[in-house]
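Engineer: Sequence:
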Amino acid sequence: MGWGYMILFGLILAAAIYTVIPDFFLHYLGAGTWKRQYTPGVAITFDDGPDPDITPQILDILDRYQVKATFFVVGEKAATYPDLIKLIRVRGHYLGAHSQHHRFAWFMSPWETWKDWDECIATLENLTGEVVEWVRPPWGTFNLSTWFWLRIRRKHAVLWNAEGHDWQFRRNPEQIISRILNHTKEGSIVLLHDAGGEKGAPVNTLNALDLLCVKIIEDKKLPLVALEFPQWSVWRKLVVNIWTKWEQLYAILYKVERISSTNVFRLSRNRYKGPNLYSQTGQLLAQNGDLVGEIHLDSIRLQDKETDIGNKGIHILRQVRRSLPVLASYVASNPEYEGIKVFVGLTLINQGVKRLGFQVQEMPTTLFIRSVGVLQKLIILLYRSPKKARMKKYTQEHPKLVWISKHQLLENWLSNECEPLISSK
32 MGWGYMILFG LILAAAIYTV IPDFFLHYLG AGTWKRQYTP GVAITFDDGP
82 DPDITPQILD ILDRYQVKAT FFVVGEKAAT YPDLIKLIRV RGHYLGAHSQ
132 HHRFAWFMSP WETWKDWDEC IATLENLTGE VVEWVRPPWG TFNLSTWFWL
182 RIRRKHAVLW NAEGHDWQFR RNPEQIISRI LNHTKEGSIV LLHDAGGEKG
232 APVNTLNALD LLCVKIIEDK KLPLVALEFP QWSVWRKLVV NIWTKWEQLY
282 AILYKVERIS STNVFRLSRN RYKGPNLYSQ TGQLLAQNGD LVGEIHLDSI
332 RLQDKETDIG NKGIHILRQV RRSLPVLASY VASNPEYEGI KVFVGLTLIN
382 QGVKRLGFQV QEMPTTLFIR SVGVLQKLII LLYRSPKKAR MKKYTQEHPK
432 LVWISKHQLL ENWLSNECEP LISSK
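Counting in my numbering, the sequence shown runs from 32 upward without gaps.
Simulated from the structure, these hints should not be mistaken for lab results.
Hints may contain errors.
[Stated by the list, open to error] Label pairs and their computed distance ranges (CB to CB): (1) G160 x L441: 47 to 55 Å; (2) Y281 x I92: 31 to 39 Å; (3) Y281 x R210: 20 to 28 Å; (4) E428 x G305: 12 to 20 Å; (5) E367 x P395: 29 to 37 Å; (6) G160 x S402: 48 to 56 Å; (7) L412 x L39: 50 to 58 Å; (8) W34 x P83: 53 to 61 Å; (9) N365 x V121: 37 to 45 Å; (10) E205 x G305: 43 to 51 Å; (11) Q199 x L441: 48 to 56 Å; (12) P83 x Y36: 50 to 58 Å.
[What the hints assert, rightly or not] In silico PhoX-like cross-links for lysine-lysine, where the CA-CA straight-line distance does not exceed 25 Å: (13) K268 x K99; (14) K246 x K286; (15) K286 x K408; (16) K304 x K286; (17) K252 x K437; (18) K216 x K286; (19) K99 x K216; (20) K268 x K216; (21) K276 x K216; (22) K286 x K276; (23) K66 x K252; (24) K251 x K66; (25) K286 x K372; (26) K385 x K304; (27) K304 x K408; (28) K276 x K408; (29) K251 x K286; (30) K99 x K251; (31) K372 x K437; (32) K268 x K252; (33) K286 x K252; (34) K186 x K99; (35) K437 x K304; (36) K251 x K216; (37) K408 x K385; (38) K385 x K437; (39) K251 x K276; (40) K437 x K286.
Given the structure is predicted, the values throughout are model-derived calculations rather than measurements.
We put the CB at the ideal spot given by N, CA and C, even for glycine.
Construct the entire structure; sequences and hints are all you get.
Structural biologist: See the structure below:
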């Protein structure tokens with residue numbers, strides 16, 4: 032191989048190390064970045080702003096749904112419209128950096144990259160007096176210098192996992208909504224644009240936002256929440272991601288459905304396997320092979336930052352109490368549960384449920400019961416608070432059968448008091 036080819040190969044390799052390789056790991060694999068969030072719901076983010084015409088209208092729509100969004104703003108635009116930056120914060124939304132001049136990372140030298148991000152951070156922090164921790168590179172692209180800058184400045188790169196290509200003018204509101212909903216699930220970070228892109232495109236985003244919020248809440252039955260990230264290790268994030276995929280597959284296979292956007296319960300129908308269940312009057316409610324309703328706790332929605340054991344138990348109990356009236360209303364109005372006589376669940380968290388109208392029954396410690404117990408302990412461990420608060424006071428060694436008759440459920444909890452349709456974190 033001649034020197035010319037060796038030099039060419041060296042240049043290509045150097046370019047790949049500076050551009051393609053860090054972009055592959057950070058952007059496509061999400062290594063060292065946040066491509067999803069781990070709070071229960073969907074977070075909405077905006078890029079390329081602010082814009083004096085579009086951004087205030089977007090803020091009005093977000094206020095209507097009590098949604099706290101995150102705006103990744105361009106530094107030079109923020110300096111041009113400082114009042115909009117302050118308005119975003121006054122309305123309770125969050126700010127992230129989207130570079131100073133919105134340039135493609137692969138075409139920037141190391142010193143240009145460093146200067147661009149430092150200028151953007153300085154611009155935003157001077158305007159708000161607050162430390163900016165989140166950044167999002169334009170087009171989600173990275174170079175090696177971006178990675179070093181993130182590490183040394185201790186900033187967190189936030190990407191996305193649901194977007195509607197709303198920067199293209201040809202995308203009408205219906206197309207934007209459809210594309211986003213196809214990729215929206217628990218933990219999604221939605222990317223939208225309140226400025227930039229092709230001329231006229233932000234108007235389509237504005238026209239899509241109202242209906243998009245409704246469909247995420249009502250059709251997907253997911254709450255709209257503020258962007259937030261736990262202080263988790265890479266391994267813990269990996270395990271939670273794997274578990275989430277399994278839960279989604281399980282829900283599809285066994286038709287486990289959400290009740291509302293904020294309810295801690297999910298429901299399915301299944302053939303009962305267990306001891307005969309009788310009402311207080313001696314009526315047989317379920318025996319082996321009968322169709323019953325299965326109640327599932329939505330694990331991710333039991334998260335909270337509370338580390339005190341007593342307060343954590345109170346938090347869970349309050350969530351359950353808020354959810355039961357909606358569960359009863361859902362059962363009463365859903366024809367699929369018309370012939371169901373009893374609702375059952377296997378859970379380690381079974382203390383205090385008798386006060387809610389449930390019965391608790393011991394189960395033989397079979398291999399299946401032990402396996403369920405191990406799995407539920409893993410879930411509790413995964414979603415525990417940042418500090419190692421233990422839940423032994425509220426859990427048992429092995430899961431127990433918790434059940435309630437449909438009659439008792441409706442009698443105790445069917446009322447006009449339902450949790451609000453829209454909830455923000």
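Engineer: Decide, hint by hint, whether the structure agrees.
Structural biologist: Now the hints, each set against the structure:
1. G160 x L441: 47 to 55 Å: holds (54 Å)
2. Y281 x I92: 31 to 39 Å: holds (35 Å)
3. Y281 x R210: 20 to 28 Å: Cβ of Y281 to Cβ of R210: about 26 Å, so the range 20 to 28 Å holds.
4. E428 x G305: 12 to 20 Å: holds (19 Å)
5. E367 x P395: 29 to 37 Å: holds (30 Å)
6. G160 x S402: 48 to 56 Å: Since G160 and S402 have Cβ atoms about 53 Å apart, the given range 48 to 56 Å holds.
7. L412 x L39: 50 to 58 Å: holds (52 Å)
8. W34 x P83: 53 to 61 Å: holds (56 Å)
9. N365 x V121: 37 to 45 Å: holds (43 Å)
10. E205 x G305: 43 to 51 Å: holds (47 Å)
11. Q199 x L441: 48 to 56 Å: Once the Cβ atoms are compared, 50 Å apart, the range 48 to 56 Å for L441 and Q199 holds.
12. P83 x Y36: 50 to 58 Å: Roughly 54 Å apart at Cβ, these two residues keep to the hinted range, so it holds.
13. K268 x K99: holds (24 Å)
14. K246 x K286: The given pair, whose Cα atoms are some 20 Å apart, holds under the 25 Å limit.
15. K286 x K408: holds (24 Å)
16. K304 x K286: Distance of about 18 Å is within 25 Å: holds.
17. K252 x K437: Roughly 23 Å separates the two Cα atoms, so the pair holds.
18. K216 x K286: holds (16 Å)
19. K99 x K216: Holds, at roughly 18 Å.
20. K268 x K216: With a Cα-Cα distance of about 16 Å, the restraint between K268 and K216 holds, given a limit of 25 Å.
21. K276 x K216: At roughly 11 Å apart (the allowed maximum being 25 Å), K216 and K276 satisfy the hint.
22. K286 x K276: Measuring from Cα to Cα gives roughly 15 Å; hence the hint holds.
23. K66 x K252: Holds. K66 to K252 sits at ~21 Å (cutoff 25 Å).
24. K251 x K66: holds (20 Å)
25. K286 x K372: Roughly 19 Å separates the two Cα atoms, so the pair holds.
26. K385 x K304: holds (22 Å)
27. K304 x K408: Satisfied, since the Cα-Cα distance of roughly 22 Å is no more than 25 Å.
28. K276 x K408: Given pair K276, K408 holds - Cα atoms ~18 Å apart, limit 25 Å.
29. K251 x K286: holds (14 Å)
30. K99 x K251: Measuring from Cα to Cα gives roughly 18 Å; hence the hint holds.
31. K372 x K437: This hinted pair holds, its Cα atoms lying about 5 Å apart.
32. K268 x K252: holds (24 Å)
33. K286 x K252: holds (15 Å)
34. K186 x K99: holds (21 Å)
35. K437 x K304: holds (18 Å)
36. K251 x K216: It holds: about 8 Å lies between the C-alpha atoms, which stays within 25 Å.
37. K408 x K385: holds (22 Å)
38. K385 x K437: Given that 25 Å is the threshold and the Cα spacing comes to 15 Å, the pair holds.
39. K251 x K276: Roughly 16 Å between the alpha carbons, so the hint for K251 and K276 holds.
40. K437 x K286: holds (20 Å)
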